[in-house]
Amino acid sequence: MKKRQSFFCIALLSTTLVANVFAGGTIGTSTFGFLDNVINAVALLLRGDSCPVRQCQDCRPGEEPDDNGNCRPR
Amino acid sequence: MHVMAGEKMKMNIKRRIRASKLGRFALIVGLTFLFPSPVLSQDSDLFPVPESYQVEGIPPMKKAEVEHLFFEPGTVRSNLIWDADRKNRRLLITDRTNNIYLLSSPLAQPEKLVEKVVPNSVKMRPNGQAFAYTSDLEDEDNFQLFLYDFEKKTSTKLVTLKGKDESIDYFLWSRTGDHILYIRADYDLKRSTLCSYDFQRETCFPTEMKGVWEVMDAEGDKVLLKYWKAATAQHLYILDRKTAQLTPIDEKGNSRGAFLAGVNLYWTAEGNEFCQRDPCILSMSLKSKKVVQLQLPENLLSVNDAKISGDGRRLLITGSRDGIDYLRIFQLKGNKITDEYPPFLPNTYVIWHTRWMSNNEVAYTIENIGKPASIQSFNIDTKQITDWTKEKLPPSLENKVSAPEVVRWKSLDQREISGYMVRPKWTAKKSPVLIDIHGGPQILARPLFNSQDIRLASNLGMAIIHTNIRGSSGFGKEFMDADNKEKRNDAVKDIRALLDWVEKQPNLAADKIFLRGGSYGGFIALSTALQEPKRIRGVIAEYPLISIRGMLDQSWVDEFAKNEYGDPRDEKLMASLDELSPLNNAGRWNSIPLLLTRGKLDSRNPEKNAVDLKNQLKGRGGDVWYIYSTSDGHGVSGRYVFAAIYKFLKTGTNKEN
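For the record, the sequence lines run as chains A and B. Going by the numbering used here, the letters in the first sequence line up with residues 7 to 80, in that order. Going by the numbering used here, the letters in the second sequence line up with residues 41 to 697, in that order.
Hints were generated in silico from the structure; no laboratory data involved. Heads up, a few of these hints could be off.
Listed next, the stretches of chain B that the computed footprint assigns to chain A, with coverage defined by at least 3 CB atoms under 8 Å from CB atoms of chain A [unchecked claim]:
id, stretch
1, 207 to 215
2, 474 to 487
Chain B residues, not near chain A, derived (Cβ > 10 Å throughout) [stated by the list, open to error]:
id, residue
3, Gly97
4, Gly302
5, Lys376
6, Leu452
These numbers come from a predicted model, not from an experiment. C-beta: ideal position from N, C-alpha, C; glycine also.
Same shape as in the complex, but just chain A (with noise of 0.2 Å):
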């Protein structure tokens, strides 16, 4: 009975606090993968056409889907 109550008990603490772990990951960027801002204030940094590619450029959106830098089409 208490190696049975012990396993259960260590089981469930390792069950919640492993899911703990991953929460902070996967839950947490899961939900707010659905919460997005979207246009970047440094949209306003616009590649001219007084500035080469290398020295203006600086589009850059990154991982995150929903933000564009400042990538504006030429």
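Given chain A, put chain B in place with the hints provided.
Just chain B, lined up with the frame of chain A:
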């Protein structure tokens, strides 16, 4: 009875023991739930730091604190034009994702064709069967050329780059669409090579071209090229493909835009023998070499862009005044403007990405501070406007800010500097101020739709001033050169003078001024804070230029950069520029809180400068919020960064003096 009582007693004891065991079990189970629960709630309550970020000094942010800043992506729609398919009257468009979509007809559902490659430029093949694009997804800042085939529905890399630091920054289709012309820019060897690819082999011209060049147009054997000598010295050349000979067209003026139309070459010029000031458009016959200045209407104040229709009979010009754009269409006979078509757009928009859909239809995007970009076209003959996309905005962003106000102030040398201010619609007291300084510096901040401005204004009551300090484009050559080399500190003085202007405004809180700048704008923000130890509440420097000496030491740096910032061998100049940076001047930094971002893949500026600055300020007890992204380059942005900016500003505005 006693026996019975004794038995009962035994059974009660057993029950109690069992109950006690159950109680202990329940207690353990309860404790099991009780103890991890705070951990569970702590982790799930916190706004997650992306795995690719390493952060220092940023206090944990609760989701409840920042989640109201964000909204579902489906609640906003903003579309821009990549290019037009004139053959089939359809458009290649993008949205906030920077993917490439096909829009087959007005208001159709966009079809996603290419995703996640973040193209720099997309150009449709004239026959409408394919398009080419450049992307540096594989290697930061080294763009490669790809072809998307509509029939195969796949992308193919066209050219293999073998140089140490080679990039295809510019390309275009031949008029017939049977080949692509492009520039192989070798930043290591400091030279450009014009090449063509006909889908069987690559042919490169032996013409030696030092520095960075752009291929602008091609017709027959003539290829129009631009040499990026300096921001105000963009020189034009024609390369003859038969002889590989390079002929200068304009080596005196600043030629921002140019195109070929039949036997004529057109270009916008400033500062040559024909045109002293913008706006000016010149035309040259390629046969007689005779140059004519187009007679533009007197009320045309500037030329942002000029494009000619396929039949050469109509000329489209976009320009702007105080941040509001106009799109005007003229009749062209020979190389003379004969008439203007009546205006069809209200003067309330920023206009982007104009494209001739046909000889009588123009496509363009319109947007302003409260309206995300949408795509329209205008038929000149029928005078009909067609909506190709409709913008969408979540209610949380609607009607939150006032129309942008143009702001003008005198700098310390009496030069007029301008910008525009976004303010919350409703505010009861003095607004804290966020001064935003753009990068470049040769670009122009215009009042585009900007959800971050709206959220900062509506949630923190902030007034955001977007500045166009000296060095910005749009104000002429002299203004753009007014910050070069030893004059760099004059650009800092422009922001310092703005602080004086803010102090005089009754509804702005001069004791709560924050600076924000990305790239070059970050340098000016840092330098201003160094020189204004008491008037700045906080600095947000996003992937900033930190040391001009350090930047000029990078192997990619070319003549263009040296014309802007100076010769790194000029030790006297470098020493004076060192004085503008907080790097190695941390003792002069008055504990102003700093939010600093840096991308690991950023090759424009040395990482050491960012790390050293962070460590020097922290070593002196400074309040430094540092975000280091291992997956980003020159540009670090995303939800976490914006949440941190919001928290940084909120903390700063709430802090007592």
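These are the hints, each one checked on the structure:
Figure legend: the stretch 207 to 215 of chain B, annotated as covered by chain A; annotation consistent (3 residues with Cβ-Cβ distances under 8 Å, at least 3 required). Counting residues of the stretch 474 to 487 of chain B whose beta-carbon sits less than 8 Å from any beta-carbon of chain A gives 9, enough to reach three: the coverage restraint holds. Taking the minimum C-beta to C-beta distance to chain A, about 20 Å, the non-interface status of Gly97/B holds against the 10 Å cut. Non-interface call for Gly302/B relative to chain A: holds, since the shortest CB-CB distance, roughly 23 Å, exceeds 10 Å.
With a minimum CB-CB distance of about 25 Å to chain A, Lys376/B clears the 10 Å threshold, and the non-interface call stands. Leu452/B, annotated as away from the interface, keeps every beta carbon of chain A farther than 10 Å; the closest lies near 25 Å.
Consistency note: the structure conflicts with none of the earlier hints.
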